[in-house]
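Novice: Residue strings, one per chain:
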Amino acid sequence: MPVIDKTTFEELKQMSGEDFINELIDTFLEDAPKMIAEIKSGFATNNADTFRRAAHSMKSNAATFGASHLAALSKELEMLGKENKLNEAGDRLKALDEAYASVRDELKGLKS
Amino acid sequence: MKSRHDPGQMLVVDDNRVNRLLLTRALEQNGHQVANAENGRIGLEMLRAKPYDVVLLDIDMPEMNGFEVLEALLEDEELRYLPVIMTSASDELDRVVKCIEMGAEDYLVKPLNPVLLRARVNASLEKKRLPDEQRKLFRTFATPAVAEQLLRDGFTLGGKYITASIMFCDIRSFTTLSEKHEPAEIIELLNDYFALMFDAITANNGTVNQMQGDGLMAIFGAPASDEQHSEHAVNAALEMIELLKAFNEQRVTQNKSEVRIGIGIATGKVIAGYTGTQHRATYTCVGDTVNLAARIESHTKVAGQPVLIDQYTRDGLSGQIQVEDLGEVIFKGKEQSIRVFSVAT
Numbered sequence: 001m002p003v004i005d006k007t008t009f010e011e012l013k014q015m016s017g018e019d020f021i022n023e024l025i026d027t028f029l030e031d032a033p034k035m036i037a038e039i040k041s042g043f044a045t046n047n048a049d050t051f052r053r054a055a056h057s058m059k060s061n062a063a064t065f066g067a068s069h070l071a072a073l074s075k076e077l078e079m080l081g082k083e084n085k086l087n088e089a090g091d092r093l094k095a096l097d098e099a100y101a102s103v104r105d106e107l108k109g110l111k112s
Numbered sequence: 001m002k003s004r005h006d007p008g009q010m011l012v013v014d015d016n017r018v019n020r021l022l023l024t025r026a027l028e029q030n031g032h033q034v035a036n037a038e039n040g041r042i043g044l045e046m047l048r049a050k051p052y053d054v055v056l057l058d059i060d061m062p063e064m065n066g067f068e069v070l071e072a073l074l075e076d077e078e079l080r081y082l083p084v085i086m087t088s089a090s091d092e093l094d095r096v097v098k099c100i101e102m103g104a105e106d107y108l109v110k111p112l113n114p115v116l117l118r119a120r121v122n123a124s125l126e127k128k129r130l131p132d133e134q135r136k137l138f139r140t141f142a143t144p145a146v147a148e149q150l151l152r153d154g155f156t157l158g159g160k161y162i163t164a165s166i167m168f169c170d171i172r173s174f175t176t177l178s179e180k181h182e183p184a185e186i187i188e189l190l191n192d193y194f195a196l197m198f199d200a201i202t203a204n205n206g207t208v209n210q211m212q213g214d215g216l217m218a219i220f221g222a223p224a225s226d227e228q229h230s231e232h233a234v235n236a237a238l239e240m241i242e243l244l245k246a247f248n249e250q251r252v253t254q255n256k257s258e259v260r261i262g263i264g265i266a267t268g269k270v271i272a273g274y275t276g277t278q279h280r281a282t283y284t285c286v287g288d289t290v291n292l293a294a295r296i297e298s299h300t301k302v303a304g305q306p307v308l309i310d311q312y313t314r315d316g317l318s319g320q321i322q323v324e325d326l327g328e329v330i331f332k333g334k335e336q337s338i339r340v341f342s343v344a345t
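From first to last, the protein sequence lines are chains A and B. Read in order, the letters of the first sequence are residues 1 to 112 in the working numbering. Read in order, the letters of the second sequence are residues 1 to 345 in the working numbering.
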């Protein structure tokens, strides 16, 4: 599975315009670390609502950029938050870090 | 009416910055003016502060979520007709369905499809414009409250029997009056007079449905239902007399002749409904009660009393209003005599 689905990304670029896509990427790269931090703090404090909401936001943005793997992973986390099963999230958090890192690197390269 | 591609004022409510940027951008590309809010509470404050045409509302938000915003909008007289498009992830359609059932206009799935966005926003704009026009039209002949009720409940009164109080009012010796004044002055007088009468009637839940020359007809208890229609009609009459007194004091100081009116009120069953065409409709009441109110109004000249009412109207009054029984009167075209009461002014 590619880190970023090119068709989705191209559609996004077409819809938003060349200049705007950079702003959109920058915004995501600025906000995503905060979302990950919130997911982790939700996990650490067993706050399912914070956890779920941050995972939901990450899922939504990842899907927007065509980051399918990151989106799928975030969705799993969101579901765990919804079902109040944060204890099952442990190893997925590491996977989240890795998935985001690849998305970040690829998006930086996609900026025009 | 504006065409469907005219720009509108949009509000995007979403806690996610990328989503806000993207929606704002896409809407701006379609020519709309876009404002945005980062949570439901701020969004609601903005909606109450300034008019918008369409809201794009996220569901999952901190402080106040989409459900809560939607609920608040539906309870708000001013905002209940504002089209709300829910924006949500594709895996939360069950929640979207709940919003649509609650009263949201439509929904959009994120990530956004620009074609669907344009189509749904334009459809919502179009749907909003029609009630906006209707509201404007209704407000010219009814109170804002009545206009809102009509919009909410629709034209359900078409050809229905209802119990209401009907009022007729006109100016005494208007012909003599109009012979004494210049035409422009007469028109000005009529405008002032109608403005005052409308104020008193609408302030008491009445609806003026006819104006002819110096006369007017008003309905209490319909189109918006009002259990105290008799009392409200009589209160309106008293207020009309009161307002006219002040108006006359002013006219006397300007060396103009005073204006006297007669008011007749009858209560009972009427057939009510909207008549006319799509472009021009009025709310009409017909039936014996309407004829009786007109006859009673005419009788004010004979009785020398400004406000006369029938027995049914009197029966609907609380104790605070003083009335005098003037006995039975036989009106033209009526088989039975009618007991008439004069209201103390």
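Rather than coming from a laboratory, the hints here were simulated on the basis of the structure. Computed from a predicted structure; not experimentally measured. Where is the CB? At the ideal position from N, CA and C, for every residue including glycine. Among the hints, a few may not be true.
[As the list claims (entries may be wrong)] With a straight-line Cα cutoff of 20 Å, these simulated EDC-like cross-link-like pairs (lysine to aspartate or glutamate) come out: (1) A/Lys34 x B/Glu38; (2) A/Lys75 x B/Asp91; (3) B/Lys301 x B/Asp91; (4) B/Lys269 x B/Glu242; (5) A/Lys82 x B/Asp170; (6) A/Lys75 x B/Asp94; (7) A/Lys13 x A/Glu88; (8) A/Lys82 x B/Glu231; (9) A/Lys75 x B/Asp15; (10) A/Lys34 x B/Asp15; (11) A/Lys82 x B/Glu28; (12) A/Lys82 x B/Asp60; (13) A/Lys34 x B/Asp60; (14) A/Lys13 x B/Asp94; (15) A/Lys40 x B/Asp91; (16) A/Lys40 x A/Glu88.
[Stated by the list, open to error] Over the 10 Å line for every Cβ pair with chain B, so calculated as not near, a few chain A residues: (17) Leu24; (18) Ile36; (19) Asn46.
Novice: Hint by hint, note whether the structure agrees.
Specialist: Hints, one by one, checked against the model:
| no. | hint | verdict |
| --- | --- | --- |
| 1 | A/Lys34 x B/Glu38 | holds, 16 Å |
| 2 | A/Lys75 x B/Asp91 | holds, 9 Å |
| 3 | B/Lys301 x B/Asp91 | violated, 74 Å |
| 4 | B/Lys269 x B/Glu242 | violated, 29 Å |
| 5 | A/Lys82 x B/Asp170 | violated, 69 Å |
| 6 | A/Lys75 x B/Asp94 | holds, 16 Å |
| 7 | A/Lys13 x A/Glu88 | violated, 36 Å |
| 8 | A/Lys82 x B/Glu231 | violated, 56 Å |
| 9 | A/Lys75 x B/Asp15 | holds, 18 Å |
| 10 | A/Lys34 x B/Asp15 | holds, 13 Å |
| 11 | A/Lys82 x B/Glu28 | violated, 35 Å |
| 12 | A/Lys82 x B/Asp60 | holds, 12 Å |
| 13 | A/Lys34 x B/Asp60 | holds, 17 Å |
| 14 | A/Lys13 x B/Asp94 | violated, 30 Å |
| 15 | A/Lys40 x B/Asp91 | violated, 23 Å |
| 16 | A/Lys40 x A/Glu88 | holds, 13 Å |
| 17 | Leu24 | violated, 6 Å |
| 18 | Ile36 | holds, 14 Å |
| 19 | Asn46 | holds, 18 Å |
This entry does not satisfy hints 3, 4, 5, 7, 8, 11, 14, 15 and 17, going by the numbered hints stated previously.
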